[in-house]
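Assemble the whole structure, with the sequences as input and the hints as a guide.
Protein chains: 2
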Amino acid sequence: MTDLILPDDQVHRGHDTRIVLVVLDGLGGLPHADAGGRTELEAARTPNLDALADRSSLGMIDPVGPGITPGSGPGHLSLFGYDPTKYIIGRGVLSALGVGIDLHAGDLAARLNLATFDEKGLVADRRAGRPSDTQGRRVVDKLNSSLRQPEGFEVSLTHEKEHRVVLLVRGEGLGAELTDTDPLEEGVPDLDCRATAPGSERSAEIVRDFLAQAREILADEPALNGFLARGFATYERIPTLQERFGLSAVALAKYPMYRGVAKLVGMEVPAIPLNVEQTVALYQKNGPARAFSFLHFKDTDTKGHDGDFDGKVDAIEEIDALLPRILDTEPDVLMVTGDHSTPAVYKEHSWHAVPVLLASRWARPTGGGFGESACRRGDLGRFRGTDLMALALAHAGRLVKFGA
Amino acid sequence: MTDLILPDDQVHRGHDTRIVLVVLDGLGGLPHADAGGRTELEAARTPNLDALADRSSLGMIDPVGPGITPGSGPGHLSLFGYDPTKYIIGRGVLSALGVGIDLHAGDLAARLNLATFDEKGLVADRRAGRPSDTQGRRVVDKLNSSLRQPEGFEVSLTHEKEHRVVLLVRGEGLGAELTDTDPLEEGVPDLDCRATAPGSERSAEIVRDFLAQAREILADEPALNGFLARGFATYERIPTLQERFGLSAVALAKYPMYRGVAKLVGMEVPAIPLNVEQTVALYQKNGPARAFSFLHFKDTDTKGHDGDFDGKVDAIEEIDALLPRILDTEPDVLMVTGDHSTPAVYKEHSWHAVPVLLASRWARPTGGGFGESACRRGDLGRFRGTDLMALALAHAGRLVKFGA
Numbered sequence: 000m001t002d003l004i005l006p007d008d009q010v011h012r013g014h015d016t017r018i019v020l021v022v023l024d025g026l027g028g029l030p031h032a033d034a035g036g037r038t039e040l041e042a043a044r045t046p047n048l049d050a051l052a053d054r055s056s057l058g059m060i061d062p063v064g065p066g067i068t069p070g071s072g073p074g075h076l077s078l079f080g081y082d083p084t085k086y087i088i089g090r091g092v093l094s095a096l097g098v099g100i101d102l103h104a105g106d107l108a109a110r111l112n113l114a115t116f117d118e119k120g121l122v123a124d125r126r127a128g129r130p131s132d133t134q135g136r137r138v139v140d141k142l143n144s145s146l147r148q149p150e151g152f153e154v155s156l157t158h159e160k161e162h163r164v165v166l167l168v169r170g171e172g173l174g175a176e177l178t179d180t181d182p183l184e185e186g187v188p189d190l191d192c193r194a195t196a197p198g199s200e201r202s203a204e205i206v207r208d209f210l211a212q213a214r215e216i217l218a219d220e221p222a223l224n225g226f227l228a229r230g231f232a233t234y235e236r237i238p239t240l241q242e243r244f245g246l247s248a249v250a251l252a253k254y255p256m257y258r259g260v261a262k263l264v265g266m267e268v269p270a271i272p273l274n275v276e277q278t279v280a281l282y283q284k285n286g287p288a289r290a291f292s293f294l295h296f297k298d299t300d301t302k303g304h305d306g307d308f309d310g311k312v313d314a315i316e317e318i319d320a321l322l323p324r325i326l327d328t329e330p331d332v333l334m335v336t337g338d339h340s341t342p343a344v345y346k347e348h349s350w351h352a353v354p355v356l357l358a359s360r361w362a363r364p365t366g367g368g369f370g371e372s373a374c375r376r377g378d379l380g381r382f383r384g385t386d387l388m389a390l391a392l393a394h395a396g397r398l399v400k401f402g403a
Numbered sequence: 000m001t002d003l004i005l006p007d008d009q010v011h012r013g014h015d016t017r018i019v020l021v022v023l024d025g026l027g028g029l030p031h032a033d034a035g036g037r038t039e040l041e042a043a044r045t046p047n048l049d050a051l052a053d054r055s056s057l058g059m060i061d062p063v064g065p066g067i068t069p070g071s072g073p074g075h076l077s078l079f080g081y082d083p084t085k086y087i088i089g090r091g092v093l094s095a096l097g098v099g100i101d102l103h104a105g106d107l108a109a110r111l112n113l114a115t116f117d118e119k120g121l122v123a124d125r126r127a128g129r130p131s132d133t134q135g136r137r138v139v140d141k142l143n144s145s146l147r148q149p150e151g152f153e154v155s156l157t158h159e160k161e162h163r164v165v166l167l168v169r170g171e172g173l174g175a176e177l178t179d180t181d182p183l184e185e186g187v188p189d190l191d192c193r194a195t196a197p198g199s200e201r202s203a204e205i206v207r208d209f210l211a212q213a214r215e216i217l218a219d220e221p222a223l224n225g226f227l228a229r230g231f232a233t234y235e236r237i238p239t240l241q242e243r244f245g246l247s248a249v250a251l252a253k254y255p256m257y258r259g260v261a262k263l264v265g266m267e268v269p270a271i272p273l274n275v276e277q278t279v280a281l282y283q284k285n286g287p288a289r290a291f292s293f294l295h296f297k298d299t300d301t302k303g304h305d306g307d308f309d310g311k312v313d314a315i316e317e318i319d320a321l322l323p324r325i326l327d328t329e330p331d332v333l334m335v336t337g338d339h340s341t342p343a344v345y346k347e348h349s350w351h352a353v354p355v356l357l358a359s360r361w362a363r364p365t366g367g368g369f370g371e372s373a374c375r376r377g378d379l380g381r382f383r384g385t386d387l388m389a390l391a392l393a394h395a396g397r398l399v400k401f402g403a
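Protein chains in written order, with numbering that gives the first Met the number 0: chain A, 0 to 403; chain B, 0 to 403.
Hints are computed from structural coordinates only; laboratory data are not their basis.
Being a predicted model, the structure only gives us computed values, none of them experimental.
All the given hints hold, so there is nothing to weed out.
Note that the list lumps identical chains together, so a pair holds whenever it fits in one copy or between two copies.
DSS-like, lysine-lysine: derived pairs with alpha carbons at most 25 angstroms apart:
1) K284 x K297
2) K262 x K400
3) K141 x K160
4) K284 x K253
5) K253 x K400
6) K160 x K400
7) K346 x K400
8) K400 x K297
9) K297 x K253
The following block contains the structure:
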């Protein structure tokens with residue numbers, strides 16, 4: 000799969016149309032016998048989305064490709080018009096985004112597990128007995144205040160949840176070609192962090208020094224006395240929506256990972272909504288001044304993971320009720336879709352295609368309301384996620400003709 | 000078109016789910032006035048396939064790409080998840096597979112026509128009067144027992160049918176960058192076999208020597224007194240289904256070419272079915288112990304070539320009657336499709352998209368039975384053949400998430 004076919008000189012830079020992308024995380028579903036064979040979206044009472052769909056172009060999206068189950072990072076990059084097989088976000092970077100770290104180009108990040116080492120230095124518990132958040136935060140604070148910083152570099156920890164911690168190293172010339180130290184079993188020593196390519200040697204030294212210091216500083220801790228590290232990744236700046244498509248953009252998302260992925264592509268994050276209603280309110284305040292607004296709603300995915308069909312239906316209906324406030328801002332293009340499917344009967348992200356509606360004055364409506372059945376009969380057909388941005392730009396009048 | 004997006008580390012290796020691919024060769028059809036505008040598949044009475052389709056995801060496959068009429072090799076490679084524009088099987092290799100030769104990496108193969116040369120050495124008949132199989136086999140045996148083998152190489156012939164013969168050269172350092180010797184007209188001399196790239200010079204010498212020997216040995220034959228050679232190709236090993244997707248695989252196919260293409264991707268061929276019923280019986284015996292089973296049924300294609308609409312309908316109905324025996328083995332994923340269309344009204348392979356059903360507990364059924372009309376309204380939409388394997392692996396729970 001290649002990036003979308005958009006030569007830079009095809010994009011109007013001075014246009015004043017506005018595009019809104021509403022992502023219901025994990026929107027796509029599977030039929031449920033108790034709902035008469037309907038999916039979550041089909042079972043939900045969504046008068047506003049249905050009316051919007053009936054004047055929209057409909058279709059089904061493969062966020063990454065047929066059969067491929069997207070993680071949240073690739074799913075969103077795709078909707079933003081970035082080929083997720085080309086723009087790879089490493090696990091360490093995604094974890095850093097997830098805890099809200101404001102990454103700089105060249106930063107090295109990794110996922111750490113707090114672990115218990117026995118008196119012989121062997122790994123006794125890879126998750127340190129799953130400590131409480133309070134316990135986890137306590138030792139992270141202890142380390143951040145005690146670590147000796149390597150010359151020219153800044154090493155810091157951010158607590159995520161329970162035993163999970165994010166390591167950030169900032170400085171010049173860091174590589175991420177490093178081996179994990181997690182042996183993936185207990186009763187053995189942790190592994191050495193080694194550079195597997197030139198350019199990562201200094202990173203390896205810094206990580207080894209950090210891990211040794213941590214063992215020293217935490218020596219008096221009974222359980223939380225060391226770390227296992229994996230998923231090393233450096234953050235590389237990627238071209239922004241402004242640079243690629245001339246779009247000033249804003250992201251409204253409650254959860255840090257989604258704000259983080261949005262920041263990767265240059266979106267502004269003016270404020271953090273605490274709930275669904277605030278997401279819309281902050282959009283009303285900040286969206287109309289920008290060319291592109293991204294609104295992220297998480298509950299559909301969460302309920303899908305829980306296997307809670309009715310809960311996912313409720314989450315969809317909650318957004319439906321708020322839709323008129325988005326429509327009131329009169330965007331030129333309004334898209335509603337998901338970053339992947341999380342069918343309640345499957346309880347996980349899945350590979351199934353995701354319904355999408357694209358409302359604009361240039362839509363080709365096919366009717367039937369908003370749901371998988373209507374969308375697979377829609378004008379847009381089935382297409383890769385990266386093509387959505389090209390469609391949005393086109394409907395917004397932001398693309399010029401290709402060729403003479 | 001690229002190969003399907005399946006980084007190696009996305010495939011679970013230890014999984015115990017089972018995938019079955021049933022290929023009705025040339026399945027796709029065209030509407031026929033005498034059948035009320037229905038296709039062969041739509042006209043066939045297929046209660047078992049229809050019931051299966053109604054709980055399956057349906058779609059339409061372009062085996063190679065829109066407008067492209069696939070040969071049997073590319074059509075099957077595509078269904079196996081191998082981009083047929085990347086994995087090219089040369090004509091000589093396909094012919095060798097077709098006569099059941101067990102190819103080794105580096106083997107050079109070509110298609111030969113038995114031809115008649117006149118006393119001036121000009122080509123009098125490019126097909127030697129289309130000899131009987133008995134006559135063809137007779138001269139092939141004569142040559143195999145009389146040829147002087149070049150030092151370090153093994154040259155052998157296998158009779159295919161009538162005037163068609165396969166040449167195999169085995170040894171180190173053979174190239175296939177050779178010109179054909181068939182002048183494509185009569186009353187002229189045959190062409191010289193020349194190397195067109197470095198590395199094929201030795202091959203050219205061996206072929207020229209073989210052709211000269213054949214003329215000598217067959218000098219006393221009135222009609223079958225020489226060969227025209229074309230389609231030189233070397234056999235290169237390609238990664239197996241086991242290596243790429245962790246799949247142990249078995250092929251049940253009556254005809255050698257399909258067993259040959261299956262062997263190319265590492266499938267085992269435990270036994271050779273002599274008819275449709277035996278194909279299913281051998282699957283019942285050998286399939287359940289493997290992760291992937293490929294069942295090939297030829298009659299649909301043969302009847303299509305014959306322009307025999309009703310015969311193709313019968314061939315489809317024969318498979319339908321055997322379907323319950325496949326379902327009884329409870330595969331996790333069962334796919335039924337074709338490697339291309341062979342519409343009876345067209346009498347040839349065609350470029351038309353091919354209906355496919357994919358049954359699994361995670362399907363998104365859309366109903367309407369099994370036929371072109373139902374499949375083009377299906378959840379899978381229209382997609383390239385290479386994506387089928389990704390979908391199968393996903394439905395079998397054999398893929399991990401793409402990115403975090």
